[in-house]
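Novice: Build out the structure end to end from the sequences listed, making use of the hints.
Chain order of the listed sequences is A and B. For the first sequence, the working numbering assigns the number 652 to the initial residue and increments by one for each residue that follows. For the second sequence, the working numbering assigns the number -13 to the initial residue and increments by one for each residue that follows.
For the record, the hints were derived by calculation from the structure and aren't laboratory data. It is possible that part of the hints are untrue.
Computed cross-link-like contacts, SDA-like style, restricted to lysine to any residue with a CA-CA straight-line distance of at most 25 Å [what the hints assert, rightly or not]:
no., chain 1, residue 1, chain 2, residue 2
1, B, LYS38, A, GLU805
2, B, LYS54, A, TRP803
3, A, LYS758, A, ILE704
4, B, LYS77, A, LYS835
5, B, LYS77, A, ALA789
6, A, LYS835, A, LEU889
7, B, LYS38, B, GLU21
8, B, LYS(-5), A, LYS835
9, A, LYS758, A, GLU682
Label-pair distances were calculated between CB atoms; the ranges are [said to hold, decoys possible]:
no., chain 1, residue 1, chain 2, residue 2, range
10, A, LEU876, B, GLN(-8), 47 to 53 Å
11, B, GLU21, A, PHE853, 49 to 55 Å
12, B, GLU(-12), A, VAL871, 38 to 44 Å
13, A, LEU868, B, TYR8, 45 to 51 Å
14, B, TYR8, A, ASN691, 57 to 63 Å
15, B, GLY55, A, ASP788, 20 to 26 Å
16, B, LYS38, A, SER795, 20 to 26 Å
17, A, SER720, B, ILE28, 38 to 44 Å
18, A, ILE730, B, GLU76, 16 to 22 Å
19, B, GLU76, A, GLY804, 25 to 31 Å
20, B, PHE(-1), A, ASN733, 18 to 24 Å
21, A, SER877, B, LEU2, 41 to 47 Å
The beta-carbon is built from N, C-alpha and C at its ideal position, and this holds for glycine as well.
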Amino acid sequence: MLPYINLFGLALPVPAITMLIGIWTGITLAERNARNHRLNPADLYNLFIYALIGGIIGGRLAYVLQFPSAFLENPISLISPNPGLFDLVGGILTGLISAEFYRQRKKMPFWTTLDALTPALAVVQIALPLAHLASGDAYGAPTSLPWGINLWGETRHPTQIYEALAAGVILWQMWPGRGKGQSKPGVVFLQFISYSAMARLFLEAFRGDSLVTVFNLRVVQLIALSILALSMWGLYFLNKDKSAPSKNPVQ
Amino acid sequence: MERIYQEYKDKGFIILAINTTYQDKLAEVNTFIEEYHLSFPILLDQEGRIAKDYQLTALPSSYFVDSKGIIQEVVIGGPMAEALIRTRVEKLFKEGP
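Specialist: Printed below as a string of structure tokens:
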């Protein structure tokens, strides 16, 4: 756990810096990947930025709507950079809506755009557990295994490292240019979603902070299972008519 | 922080500020209290025991503790936005004892 590093008298938040590096690397990779999918790199970059800005503004507004009186008392808090004043679900939703708005305006093909963005999402998926490792969030269940890490007063499964490693393997699979000419638009993205859901389904069992529901399954595992089923169905649907020519000549 | 303390203290909200006296100067604590007109208790961690027990990694660190004594959230770093403290306090009161 390393929430802050002190550099020249400044306390720098390591989780936020990790996420920024992840997002920046992701955007760079998406730009590089755009030409593989015959998309304009600038459009893909702008789409990412739209999603990011839309997500930040929407996440804050969704949070304000939950606690309006707290912000009426102190309106300056509206522009506080504190990540504790964001609503994650609201942020994700508005981020997706902003990205979709931009995609439609630029007439970017839906599945091809998602395929081009996949390596970027895979990079962000590595950055997130590393940020959690720095902040001490998303911690593992207690263990006596020799590779356990000391966190919050106990030796625990290093779930953040498990998740980062799994995300690394997924990124390797999704690396720009891999599997060229093998799939139709949408297949790369849906493969990424199904691999990620499988990883979540397995690794969530080692977490020490998630809600357990029926049959020892956790809420997140049930969600991951549903996403896995949907993405598998999507892959089946896209691959059903193998005789049809691919609409994405490069991939 | 003082403003929020005054606002919520009658409902049972308590602030226990802890000074890491083992690495600070005691005289500075008094200056700080006078400068900001603080009325909530400020405890002194003279041997670093509290810092060790609470696994302190950076200053300031804020621990939001519910009425059962369970730490519900740790906010590392500062300054904290006033709305952040308000929303956390309101949330703890909503969840009840």
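Novice: Hint by hint, say whether it matches the structure.
Specialist: Going through the hints against the structure:
A hinted pair counts as satisfied when its Cα atoms are at most 25 Å apart, and B:LYS38 with A:GLU805 qualifies at roughly 14 Å. Restraint check for B:LYS54 and A:TRP803: the C-alpha separation of about 19 Å stays at or below 25 Å, so the hint holds. Annotation: proposed proximity of A:LYS758 to A:ILE704 holds, straight-line Cα distance about 20 Å (limit 25 Å). At most 25 Å may separate the alpha-carbon atoms for a hinted pair to count; B:LYS77 and A:LYS835 exceed this at roughly 48 Å.
Our distance criterion of 25 Å between C-alpha atoms is met by B:LYS77 and A:ALA789, whose separation comes to about 21 Å. Of the pairs offered as hints, the one joining A:LYS835 and A:LEU889 holds, with about 7 Å between alpha carbons and a cut-off of 25 Å not exceeded. Restraint check for B:LYS38 and B:GLU21: not satisfied, since their Cα atoms lie roughly 29 Å apart, outside the 25 Å limit. Of the supplied pair hints, the one linking B:LYS(-5) and A:LYS835 is violated, its CA atoms being roughly 62 Å apart against a limit of 25 Å.
Of the pairs offered as hints, the one joining A:LYS758 and A:GLU682 holds, with about 17 Å between alpha carbons and a cut-off of 25 Å not exceeded. Remark: the range hint 47 to 53 Å for A:LEU876 to B:GLN(-8) is upheld by a beta-carbon distance near 50 Å. Here the CB-CB span from B:GLU21 to A:PHE853 is close to 54 Å, well matched to the stated 49 to 55 Å. Checking the proposed 38 to 44 Å range against B:GLU(-12) and A:VAL871 shows it holds: the Cβ atoms sit about 40 Å from each other.
The beta-carbon spacing between A:LEU868 and B:TYR8, approximately 47 Å, falls within the hinted interval of 45 to 51 Å. One distance hint, 57 to 63 Å for the beta-carbon pair B:TYR8 and A:ASN691, holds here, with the actual separation near 59 Å. A hinted range of 20 to 26 Å for the beta carbons of B:GLY55 and A:ASP788 is consistent with their spacing of about 22 Å. Take B:LYS38 and A:SER795: their Cβ atoms lie about 23 Å apart, and the range 20 to 26 Å holds.
Distance hint check for A:SER720 and B:ILE28: the Cβ-Cβ separation is about 28 Å, which falls outside the suggested range of 38 to 44 Å. At roughly 20 Å, the beta carbons of A:ILE730 and B:GLU76 sit within the given window of 16 to 22 Å. At about 28 Å, the CB distance of B:GLU76 to A:GLY804 agrees with the hint of 25 to 31 Å. For the pair B:PHE(-1) and A:ASN733, the beta carbons lie near 20 Å from each other, so the given range of 18 to 24 Å is met.
A hinted range of 41 to 47 Å holds for the C-beta pair A:SER877 and B:LEU2, which are about 44 Å apart.
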